[in-house]
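Build out the structure end to end from the sequences listed, making use of the hints.
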Amino acid sequence: IYRFIIGESSVWEAIDSTLPSGAMIGDLKVSGNGVLYAANFQQASAGGGIERCINPSSSHLFETFNNGLYDDSTLTDICLSGNSVWSIDTTHNSLLFFKDTLSEQLSLISPADKSTVKAAVSDGEIEDILLDWEAPEGATGYRWQLSDSPNFFPSSIIAEDTTSAGSVRVDSLETGSEYYWRIRSITPLLSPWSETWSFTPRAIIEPDAPVLVSPSAGAVNIPVNAMFQWTAVEGAHSYELEISTRHDFSSPIICLTGPDALPVNAWQNTDDFAYDTTYYWRVRAVNADVTGGWSGVGVFSTGAGNTTQTSVSTDTVQPNPTQTLTSYTTVEKVATTVSTQYQTLTVTQTSQTIVPVAQSAVIPDWLYYSFGFMAFLIVVLLAAILIIVIKRR
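Take 1353 as the starting number for the sequence shown in this note's numbering and just add one per residue.
For the record, the hints were derived by calculation from the structure and aren't laboratory data. Treat the hints with care, as some may be off.
[What the hints assert, rightly or not] With a straight-line cut-off of 20 Å between C-alpha atoms, the simulated EDC-like cross-links for lysine to aspartate or glutamate are:
| id | residue 1 | residue 2 |
| --- | --- | --- |
| 1 | K1466 | E1415 |
| 2 | K1451 | E1479 |
| 3 | K1381 | E1365 |
| 4 | K1466 | E1479 |
| 5 | K1470 | E1365 |
[Stated by the list, open to error] Pairwise CB distance ranges (calculated):
| id | residue 1 | residue 2 | range |
| --- | --- | --- | --- |
| 6 | N1407 | T1515 | 14 to 24 Å |
| 7 | S1446 | E1477 | 14 to 24 Å |
| 8 | S1529 | E1360 | 31 to 41 Å |
| 9 | I1538 | A1398 | 40 to 50 Å |
| 10 | D1429 | E1489 | 50 to 60 Å |
| 11 | G1518 | A1640 | 23 to 33 Å |
| 12 | Y1422 | E1360 | 40 to 50 Å |
| 13 | A1472 | K1451 | 41 to 51 Å |
| 14 | A1569 | G1518 | 44 to 54 Å |
Beta carbons are placed, not taken as given, at the ideal position from N, Cα and C, and that holds for glycine.
Here's what the structure looks like:
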């Protein structure tokens, strides 16, 4: 098999050095994506089958594909349709085909091209960056390369290896340096190298653990609505707080984490803790990269709750002719230092004097009726006298 590149070559160049010994080649075909196929008329047991070169314009590497053929199969003629390859087995008088899913570049997933990747640092070097790609149908093995040059000169290759997985992790990188990577399948057939992507690793800086300020360690008689404070951490944009009655925080009663994290280094409980109870608390800082470690565990106890008491005078009330009644009218409030505590009310006993009121005599109803009837008779009599006088005149 010879190659001549128009505009570059001056003579024909042999490119068949990697063909099987004694190969008999014919019916060359080139696919739409530039893969060269040829039929090797030898029996499959002698190395015959389909010869394949994924980049004949620059490579001399041919692969023989005869998976699934009988030992005495002999292929002639090739027909291409997309990435499907058709051929005739003249020994068994049958039409064969295979779908070359590895004739195109593999697709890379992450790190995204020209991205900045945040990763952990160990001994001053970036560790554990994941290179991930899409696994095409039929691929069983891959080769990956990592370089500090987009040209992948042999001297620029930092790391390379083979794997059967669809991803690989790389270590020992320098923060701020740009790296280039690519991938190809190697079994059962070679694929072209993928596109070259680059990324720049950046060290993840874990925020320091805060120092608990208030309540102080071992504090007692803490108000049930205590204010919690801790030192601010440089670079932190939020803080996560846990409060529990258990030292292992297996059942926290306050859990301000994730989207509920606090934007400042202080917090006050609005629902009140229980009285006379021991609590444990801890805080950690969160920055743009990662959540830091927990602070040391603080412990405090709330004070005992107050009760409302009422004192009543036990002095004996002496009876007197004016009927003395006992009543409780004067209330004195004794203020407490914390507004949410119960208040003590002192009730003082006083006396009120009630003087009897003399009642006037009651006039019977029949007497009112008699006076009314007599007044009516007088009016009638006067009217009769007036009429008689008028007639005589």
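Going down the list of hints, with the structure as the test:
Between the alpha carbons of K1466 and E1415 the distance comes to roughly 34 Å, so the proposed pair goes past 20 Å and is violated. With a C-alpha separation of about 39 Å, the suggested pair K1451 and E1479 falls outside the 20 Å cut-off, and the hint is violated. Taking the CA atoms of K1381 and E1365, the gap is near 18 Å; set against the 20 Å cutoff, the hint holds. Pair hint K1466 plus E1479 holds up; C-alpha atoms about 19 Å apart against a cutoff of 20 Å.
The straight-line distance between the Cα atoms of K1470 and E1365 is roughly 48 Å, outside the 20 Å bound, and the hint therefore fails. N1407 and T1515 have their C-beta atoms about 23 Å apart, which keeps the hinted 14 to 24 Å range intact. Between S1446 and E1477 the CB atoms are about 58 Å apart, so this pair departs from the stated range of 14 to 24 Å. In this structure, S1529 and E1360 meet the distance hint of 31 to 41 Å, their C-beta atoms being roughly 36 Å apart.
Checked against the hint of 40 to 50 Å, the C-beta distance between I1538 and A1398 comes to roughly 24 Å, which is inconsistent with it. Between D1429 and E1489 the C-beta distance comes to about 26 Å, which lies outside the given range of 50 to 60 Å. Evaluation of the 23 to 33 Å hint for G1518 and A1640 yields a pass: the beta carbon distance comes to about 30 Å. Roughly 42 Å separates the CB atoms of Y1422 and E1360, a value that falls within the hinted 40 to 50 Å.
Range check, A1472 to K1451: Cβ separation about 42 Å, and the 41 to 51 Å hint holds. Taking the beta carbon of each, A1569 and G1518 are about 51 Å apart, inside 44 to 54 Å as hinted.
Checked against the numbered hints above, the structure breaks hints 1, 2, 5, 7, 9, 10 and satisfies the rest.
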